[in-house]
Every structure is written in structure tokens, then in C-alpha cells.
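**Student:** Next come the chains, spelled out residue by residue.
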Amino acid sequence: MSIQICNFPFHQSFPLQPFRTAARSRRIFARTENDSPRSDQQQLNLSVLRFTFGIPGLDESYLPRWIGYGFGSLILLNHFSASSPINESQLGSEVEKRSLPEEGEQVFVISSSIGDSLKEDLAWATYVLLRNTSTVAVMISIQGELCVRGYWNYPGQMSKAQLHDWFKKKVDEIGLADVKETLYFPQYAGSALSWDILPDGTRSVFVQPLVQNVNESEKMDGFLLVASTAGYAYSDKDRAWIGAMADKFRG
Amino acid sequence: MEATFISQIKIPKNPNRRFSRPPVDFPRFIRASSSASQERKSYRGPKPSKNLVADFVSRNDDSVRSLPIYVGGASLLAVLFNRAVSGIAPVADASSSQSRADLLALGLAVTNLLTGLVWLSIRPKTITPVEPEGVDCKVLESNLPASILSELLWAWESLKVATCCKSLVIVYNGICLIQIGMAAESPEDKKAVIVNTDKMMNGSVYRGVMKSKAQSYLANLSLYPGRSELPFLPPNTQAVILQPLGDKGVAVIGGNTIRGFTSSDQAWISSIGEKLDATLGRCFID
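Order-wise, the sequence lines are chains A and B. When the letters of the first sequence are read in order and numbered with the numbering used here, they come out as residues 1 to 251. When the letters of the second sequence are read in order and numbered with the numbering used here, they come out as residues 1001 to 1286.
Chain A on its own, in the form it takes in the complex:
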């Protein structure tokens, strides 16, 4: 059985090639063939759904391919020419693609005036944050005592104790200990002077304070700061886990 659907008068002998009519009319025809000799088997053979412009010599079966190449290259062009990413889901897939800062070395400074078990917890927490998220720099402050790990912008040639005091001074200048709620900067582009302790190329910064109830003064206070060189690096789930890590030190 052969069905042809066309928008001009039906001709009995219908040639297989398209032929031109007056204007640039389009012919769309579908052919279904029931070629099974057996009556109980219904085989639908939907062969070629032909779309054509009527231009001789132009094989329209290659059209999807050319459209695909054309739009694909436009998409690639768009992707590479986009300077600042806007869509969170588009960039969320690039989470693990963090680049380590070119300058700057790794540092691991921990305050000496805290107990051993707390030191161990801080060391483990900073290690886990660096490993399980795309963090390059992490700082945990508990009642003023700091643990700093990762790539930071600090002046070289200092002893560990001096470095700790230097970071403490910088943190006081920013006033990070006073932060009351979580701060998330997914498109960090540099800020005023005291924030230059963050490594070059930092794109995401997340600060989680350790005190939730401001009225209760006996809870430990402090904050946890993580920074990454990838934009939109901390998804909702990452932030939930970082909050859970911060909970460990809330006592």
C-alpha cells in the first residue's frame, strides 16, 4: 500500500524523483509499504521521509549532517568565546577541573596553643576538604586559633609561629570572625586589599561561620573558609558537606 501526501492535485503516475511546479512549493510525502505476504504479520516499513527543496543536484539527505556541523561549530564558538560563565548547571560540570595557582606554595600552619586531639581533627578536616572538593585553600579558625592549609598568598621566609600570627592579623583586618551567616561568592573577582591572602586565580569562596546562635556565648565561635580556582565550585551538596565539617568544631 502506498500513500502519498501532497499539496497539489494527485497524479496517477507519480514519478519517484521530485519535479518542479510553479513556485518553490514543498512536497512532503510518506510511503508506507505493507509487503508481507503473511496476513498476520504487520510489518511497517517506514522508508525515507523525503524533504526536498526541488533543486536539482542537491542531495538533501546530507542536510541534517550539514546542519549538525554548522550548529555544532557555532556551539563550540559560543563556548570558547564566552568570557564569564553565567549558567550554574553548565559550569557545575566543570567542578573538578581546578587548576593549581602558578605562583605560591602550599602551606600548612596550625596553632600551637590547642590540644592534640583538636589538632588532629583540624588536620583531618582540612585534608578531607582539599581532597573531596575542588578546594585549593582552606582556613579554619576556632576562637581565634587558626589552621591554614593549601595555596595561599603569604610572604615567604617566616617561621610557622610568625606565619600564624601574620594570618591572624590579616583575618582580623577582614573581620571574618564576625560573619553571622554563610557567604558564598561563586564568581569572585578579587576584592579590597586584605583579601589578597587568597591565591591568585581564586574564583569561588565559601565562608561558613561556626556559631549559629549569636545569643549563646558559650558555643565555640570561629569560621571555616574554603576557596577554589573554579567558578561555581561549591554546589548545594558540597556546601551541605562543608557545613557538616564545620559542625564538628562547633562543640
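Note that these hints are calculated values from the structure, not bench results. We put the beta carbon where it would ideally sit given N, CA and C, even for glycine. This list has only true hints and no planted wrong ones.
Part of the chain A face toward chain B, derived, beta carbon under 7 Å:
#, residue
1, F185
2, K237
3, K248
Simulated pairs of lysine to aspartate or glutamate, DMTMM-like, Cα-Cα distance not exceeding 25 Å:
#, chain 1, residue 1, chain 2, residue 2
4, B, K1275, A, D247
5, B, K1160, A, D221
6, B, K1275, A, D221
7, A, K237, B, D1055
8, B, K1050, A, D196
9, B, K1160, A, D247
10, A, K237, B, E1274
11, A, K119, B, D1277
12, A, K119, B, E1274
13, B, K1047, A, E173
14, B, K1138, A, D247
15, A, K237, B, D1062
16, B, K1190, B, E1141
17, A, K180, B, E1157
18, A, K180, B, D1055
19, A, K119, B, E1157
20, B, K1160, A, D236
21, B, K1160, A, E181
22, B, K1050, A, D178
23, B, K1275, A, D236
24, B, K1047, A, E181
25, A, K119, B, E1151
Position chain B against the provided structure of chain A, taking the given hints into account.
**Tutor:** Quick look at chain B alone, frame taken from chain A:
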């Protein structure tokens, strides 16, 4: 280093302008009080900007998806209505500029309509969480040191908040240290089913995990026959992670969504497993 960095500073959109002065000039307030504490400097720094449109769209996903249909339909009707009241003869040829404009506008309206249909149809399939059947329980081994207790409870709180976990059981050195969250209800006394550590440790699931020393993620628990070896979990638990704690224990973490634990969750859970093993190993030295 300082010079190159300054050239890269871009002022963010909502800077706190007070910070443009160097900190040396900023007056420090020292309040004398009985505890002799220095007034902490208040936070001066950028505040995060809110993206209202993005928040609105993600909250009202359904209605935004069907918006193009309404817009397209309304513009279609508007074009036809305009054509009807304008008094031009309703002929479908391209002879007048009005007709051409109408045709183009119709084309746009139809595209809008089709876009709305596409948005509605290619919605990501959300897997709904399944409320676990059972009773809430909190069973802790007695005589545990306070530090271990707080660590175990912290692990439970973290899992509860950050993942789809609804049940947690930790077995170490043959003792069930903690069984918390939702548990299966025993038919006799309507209370939680106690963990039978011997039975579990002789089961194939536990042995497999101990032998491979790696985390085991059963993403769709109904497909696994080893389900019967974990009778203490609610019967409709959807996903389970078995995390070995060193070579002496295991943490059984039950979730309420099929494939509910992401790879990031798995990495975090294995880190927590290592920490718990270190802490518990120190306490349970035999």
C-alpha cells in the same frame, strides 16, 4: 608579586565602600568591660549578590516551563484578532505588507508554542524519595567514652543533613555501637529490630565488603538478594552504602532514594569511615 596582583583587582558590584581607606586609619574601639575583651572589628567585605531571577525560576520550575505556550498562544490569538478587526480582506497571499507581517508573527508564535511543548516534555525525571516504613530509634552502646559518642553522633548528623540517609548502623569489633534513624519495626513488640551482629557478620554481604576492603554501594536495594541480611533496616530502604571501617567494622548507611548517594557523597562517606576507624581503633585496642 604585589604589583601584578593590584592590576588584577576588579571592584565587585556591591563593594562595601568603607573599605577603600587603608586599615591603619580606621579607628579601633576598645571597650573596657569586666572580661577585658577587645571589641572585634565588624566584617567589612563583599556581600554575596542575589540572583533573583535564577532563584525564582528554580523555585517555580513547572510554571516557567509552560510559559512559552501561553505567550505563543496569546500572540497567535492577538495576530488573528488584529487581522480580523483591521478590515483588510482575509486573503492568504503575500500581497500586502500587513499579510507578510502577520505571517511572520504567526511563525514566531508557533515557534514559541512548540518551544513550550519541548520544555515540558524534556523535563529531567525526578526520583521521588520513599518514606521509610519503620520506627525511629536511637540505640547507643553503653559505656562509650564521650569523645567517641560525640563523633558518632556528629557522623549521623552530617549524613542526615547532607545526604538522603535515613538509617545508620555502626558495628565495630563485633559490637553494634550505634543504631540510629529509621529502623524496621519488629512485629512482636512494635519496637525497633535489634541488630544481630553475629548473623550480619556471617552474611555474604558483610564478608564481601570486608574482603574487598572497599565501599559497597547498593544503589537499588530491591534488586539485591543480600537484602535479607540487613533485617534491621526499614523494608523499603531504597539504597544502602556499606562502608568498611578499617578491617574491624562496618557502617551501614540506608537511604530513601534509589541511586540517592552521589559520587561526591561516596567520597565523603569513605573519608568519614577512615576517620571513624582511626578514632575507634584507638579506643578499642584489644
